[in-house]
Amino acid sequence: MQQEVFANTEDFGGPDIVAGPARVSRPGVDAPYANYELGKPYDEMFARDGKARLPYAVMDSRISTLPLEELNRRQQACEQSFLHQGITFTVYNDNKATERIIPTDLLPRIVTANEWDRIERGLTQRIHALNLFLRDIYNDGRVLKDGVVPRSMIYGSKHYRREMRGLPVPHGAYVNICGSDLIRNEAGDFVVLEDNLRVPSGVSYMLANRDVARRAFPAVFRSMGVRPIEHYPLELLATLRSLTPFHEDVSIAVLTPGVFNSAYFEHAFLARQMGVELVEGRDLLVNDNVVYTRTTSGLKRIDVIYRRIDDDFIDPLIFREDSALGVPGLFNAYRAGNVTIANALGTGVADDKAVYAYVPRLIRYYLAEEPILDNVETFLCREEKSLKHVLANLDKLVVKAVGESGGYGMLVGPHASQKERDEFGEKVRADPENYIAQPTIQLSTAPTFVGNGIEARHVDLRPFILHGVETKLVPGALTRVALKRGSLVVNSSQGGGSKDTWVLSQ
Amino acid sequence: MLSRVADSLYWMSRYIERAEHTARLIAVKLDSMVEQTSEDATASWARVVESLTGEKAALLHPDAFAITRKLAFDRDNQTSLINSLALARDNARQVREALSNEVWENLNRLYLRLTPVTMESIWIHTPARLFREVLEEMHALEGVTYSTLSHGEGWYFLELGRHIERVQQLGRLLDIHFSAAQTSENSPKYFDWLVLLKFCTAFEPYTKQYTASIRPQKIAEFLLFDSEFPHSICFSVDRMTEALARVAPGAPPARRAAVERLAGRLKAAVDFGQVDELMSGGVAAFIADITKQCEQIHKALYSSYITYGAETVL
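In order, the protein sequence lines correspond to chains A and B. First residue of the first sequence: 1, per our numbering; consecutive thereafter. First residue of the second sequence: 1001, per our numbering; consecutive thereafter.
No lab work stands behind these hints: they were computed from the structure. There's no promise every hint is true.
[Said to hold, decoys possible] Here are the simulated SDA-like pairs of lysine to any residue, each with C-alpha atoms no more than 25 angstroms apart in a straight line:
(1) A:Lys96 / B:Arg1093
(2) A:Lys96 / B:Leu1112
(3) A:Lys300 / B:His1298
(4) A:Lys96 / B:Asp1090
(5) B:Lys1056 / B:Gln1182
(6) A:Lys300 / B:Trp1011
(7) A:Lys300 / B:Thr1312
(8) B:Lys1189 / B:Pro1216
(9) A:Lys158 / A:Val199
(10) B:Lys1189 / B:Gln1209
(11) A:Lys472 / A:Asp189
(12) A:Lys300 / B:Arg1246
(13) A:Lys40 / A:Val191
(14) A:Lys300 / B:Pro1253
(15) A:Lys300 / B:Ala1254
(16) A:Lys385 / A:Gly425
(17) A:Lys484 / A:Gln76
(18) A:Lys300 / B:Ser1100
(19) B:Lys1299 / B:Leu1314
(20) A:Lys300 / B:Leu1149
[As the list claims (entries may be wrong)] Okay, the calculated beta carbon distance ranges per label pair:
(21) A:Asp374 / B:His1139: 51 to 61 angstroms
(22) A:Ser493 / B:His1139: 35 to 45 angstroms
(23) B:Arg1246 / A:Leu54: 55 to 65 angstroms
(24) B:Glu1055 / A:Leu488: 55 to 65 angstroms
(25) A:Asp374 / B:His1151: 54 to 64 angstroms
(26) B:Thr1148 / A:Thr112: 37 to 47 angstroms
(27) B:Asp1090 / A:Asp422: 54 to 64 angstroms
(28) B:Asp1076 / A:Thr112: 54 to 64 angstroms
Computed from a prediction, not measured in an experiment: that's the story for all the values here. In this text, a Cβ means the ideal position worked out from N, Cα and C, and glycines have one as well.
Model the full assembly from the supplied sequences, consistent with the hints where possible.
Now the structure itself:
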């Protein structure tokens, strides 16, 4: 292997050449994998027989020859870099504010070219169907008339915005920026766990992780043909531009709730990378249905707003009147066609638990295609056959009330007592429309550096999809990792971290 | 440029200037106190405390430890070094997209470096060393600001913040020293005038101009009216006037005129000021006038470009 001459290794250690005799480190046996557990879930790095999968071979030969202290040093350099860049969130304890970095793991997760091809086609298909669905339910409601999706489920959803009915949206693109959560099941297939169609975040961590992982393993990175992702801001800008009929001198702004929002780093990052204004609600005003920012030289018109504020808070005159983050009159300017808002309002109706279960049918209905990426198997209790199955298998399933979130109104069958299951079964029988059920979900595991070695931790995958005139995915994703051993919770608020994702070119 | 962004850049720069001034006064004082008698050091520390916090402290003895703690690390003291840096960083974070990575990371690193520092940990070494290092890092910050940001409107708002703050700080320091010179007790001695020059990084530039003969009148002349030395009132006023001509290029002439008229008046006062006219007690009055004019410029800057009512421009 060639010596890395140009890599920026200043903070991260010497040129990263693979040296020393080839050796085989077995998971669960040899350092650094002595505590690496291979269980029922699919493991990203090791096959069932304990051998490293081919795409991980170069990485494996590098990390199993590096001394632990060196891995530690590189891990700390990564963390230091995050801290200095201000990629932090604030924790309040005893009236003292402490800044913590979003934990980042040194070791990249690898996605092969074939796997990515399927993900890309699958998510492109999915966002097309979801956009057609949104256009339909805010206009003719064909899908409801045809009985594909129950009317009550849509009109009863708290994310349905009747204000959006009949409103034209550029190119019929309601969801312009989407971050879908995928997991890999035991068979090794990627399936969709959740669509985030409102204000998905995390793309800046995808880019920040790349920045540190590339520096931590420069030669490995270079030798593997990892596809670049740095053009994401450019693609985002092109997508936002494509959403306005005004093409000369389009004025674009990122609308943030402000510096106290946990994703503020990302809002500022994207604005800076795209070269557009970062604005807060208080910087904007609406006059005669036109949106302006207040500048030192006077008022300046804004044509496209990439909003990172939820529907509810965007305009106190139309939605929540106690919102101090929004802009009074913004919705009227939007309705008048004088400003484009991305994502459009009312997209949340298409990403709740109940609609999720219908997405495969929506794909067949609108595109007359079979879904390329499957959902996690979901039983709709409103359907007779599924209800029977659910009630007969309560001990194996997770049952969720569709209107609830955050773990409320939920039964985790395998962990519940017979009494709890019986009681919950009664509730489901009484109001089947309100419940869905899924098998207990296993996330795949990936090698993660834990200080005294490398262990298996559960991960998911969040690619980001851009949709304007065209649909685009940059070949990368945010891999979120549950840093606690055995934990399946990847959210950063609950002990989750993230790692770089290397999509290979072949 | 967004008005909110201009506001944050302006204040970020003011707080950075304040932090630098604070660090410099502490470093110089910690170094110089060892050469003074207890009475002289007490009087000198009292002047430093007054100029940085506005409090006239009746110090009984020069408790450098307690004073340094208050001026540098006390979160309850609004103008402490750590608070100035925290406020500068808060403002910088709000306009992260208007700054370069280098500017943000230098400022962020400096703040993160100082947060865990305790008085005890610096007092066992040479205490002044930490503050000299802070100054070095602040000079680096100034350097990357100069060399990595475009010298456009945002940069001129930084200039405005820096120099309005500098005039205020410098003015207060001169006022306190020249007022003390009018009284018989605790009147500054030769060594105190030398330290004053060092507070303003002016010792060597002064001697180049006037030789090592240190006289209050010459010091006043140098720190008020020298147009080439960066820590003189005249220099800062020139930079302010220049910056005011460059910000808000598209603002209507009437709003521009309100600010530029005030700047022109201030520049005339400084350009045509004569040190002979000031010496018999007039330095304080002159400085009070300059300070007041700076406050008026600050207010006009805000009402013309930042907090103006939207209805006035629709």
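Exercise. So which of the earlier hints does this model not fit?
Worked result: none
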